[in-house]
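Colleague: What follows is the residue order along each chain.
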Amino acid sequence: MNYSSQKSLTFNPSLTRNIGNKVLTVASALFAIISVLPLILVISYVLIKGGSYINLDTLILEPEPPGDDLLSAGGIGPAITGTFIMSIIASIISIPVGVGGGIYLAEYSKSGKFAKFIRFGSNVLAGVPSIIAGVFIYAIIVSTKILFGSMFSGIAGGISLSILMVPTIIKTTDEALKLVPNDMRRAAFGVGASKFTMITNITLPAAFSSISTGILLALARAAGETAPLIFTALFSRYYITSFDDLFYEMGSLSVLIYNFALEPYEAQNQLAWAASFILVVVLLSLNILSRWIGKLGDFSKNKV
Amino acid sequence: MKKASTSKFSLRTRPTSEKLVDIGFKNIVVVMASMVAIVLFSIFAVVYYESTESISRYGLRFLFSSAWNPVKDEYGAFTAIYGTLFTSIASLLIAIPLGVGTAIFITENIIPEYIRNVIGIMVELLAAIPSVVLGLWAVFIMEPFIRPFLNIIYELFGFIPFFGTQPLGAGMMPAILILVVMILPIITSISKDSLNQVPSKLRQAAYGIGASRWTTIFKVIIPAAISGITGGVLLALGRAMGETMAVTMIIGNSNNFSWSIFAPSYTISSMLANQFGEADGSQVSSLMYAALILMILTLLVNVFAQWIVKRLSLKY
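Protein chains in written order, with this note's numbering: chain S, 1 to 304; chain W, 1001 to 1316.
Some hints here could point you the wrong way.
Which bits of chain W does chain S cover? Going by a derived footprint, with three or more residues having C-beta under 8 Å, they are [as the list claims (entries may be wrong)]: (1) 1020-1029; (2) 1088-1101; (3) 1158-1169.
It should be emphasised that the hints constitute simulated quantities derived from the structure, not laboratory data. Think of the CB as a built atom: it goes at the ideal place given N, C-alpha and C, for glycine as much as any other residue.
Hey, can you work out the whole structure from these sequences and the hints?
Modeller: Below, the structure written as structure tokens:
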């Protein structure tokens, strides 16, 4: 290194450190592009390829048995309703449990031993692979035929999805309630509210938008899950026609994609792409909706 | 003028019903919270109970044998365990530089804020795409696209056992690549959050003594955020080990052990997804044993992740 370049305070682009800086910056930009690339590729293929197979028949009809006749492929109607029904069942179970658990953690026992254990437990439960939730429900509901003697059922599928939703909902409820300023609690107690009134009338409404963000995200994740459904709800080609049908095999978009993608027939593969289109559009809208709701309830920018 | 009340303060006595509601509500939320613990324990208990038959018959031999023959009742999960560990660790090695690099790119002042936000949101939306859709994409688009490249590697380096099979479609390598796509969002978003939490004073101090941007990043910012990054990486490892659908669709589902990364293989979760539906008898018990192993592996990784985050938490 020569004397003048060491002494000079002006930026010298030929110094090793400045060249290294440039190289690393370009490398990190490259990494970012590579990371974003799969999303663009997957979304564009699903939207273009899947979207071109979407028409009213596809959305309403029942899928036909496998065969390579394009005209007889049928549609994905039962799978759409199946995914919807099982998501509803999963929400009915997991929202009370998740929100209730979150209320306990944030309002009753902030740092007790039990609360610590429950927080740890819900983190562990969040890390349990989704297929294990399916195996578990298979063992306690499907193979024991505990539900009126029927094995694979939409209800079993919904229950297995609810196991995946609970940890997310507990965590977001807990964190949302912790963000509610304590002054609001004191004010409520100060005017003579009971703890129940305080929670239902003050803290839950204040945290409502963040909690619903969590619920929507959990729902979006559950609706796209396949692994636990393969051997709890199995698959069905038919619409459900009565309440009793909840206790029998039920189709879903994700299992339809899995089953039909591996069929050697073009017509079935097209239905798989069409189902992916519906699933991706619904899940991305849920995600964007939750983002938007989450922004509405940001305490740092709100009037509270 | 009348006085509003005779005394300045009147103590309100709580009616019994209000007390009952209060106590009842507390009990309900305690029960809801306990559900987490109950479900977690019963998952372990049920999976262990269901696999006892296989555990007592094969014991630890199960871990090291790759026999899988339902007709002769011989089971061993070595191929699946090796596949699980190999695919998840290999995908992690690829995803760490990509994810952390992206996180640095979108937290440091390199590009305008709106581009940063767009990249951040896009990476997070990638996490919203269901595994089975990525699997569909991998089977029909990605794998045919990369096969010629893999073939070139096979022809050049085929003498190394690692590349010793001709890539003919589904196999370990496409599975690793799709796992990279699936765990990238986790690593990126957690690294981004922990990089964002590094106080800007540290950055200013480093720049103040004349450090360059990347010296600052490597010597100051990454060490300060290392706990969060490590936690994110471990969470991603847990996710990769348990990931099922995309891997099942692209890994080829073969129980024949091979060193080659182009050969079809198995992971524990793909084995479960593939065989559980039509298994019966002692095969169910053996699959449950495999599920137990998978659960213990992911549990260890997750607990370790939580411990690391606590242990190495921000020193600044």
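Colleague: Among all the numbered hints in the text so far, which are the ones the structure does not match?
Modeller: 3
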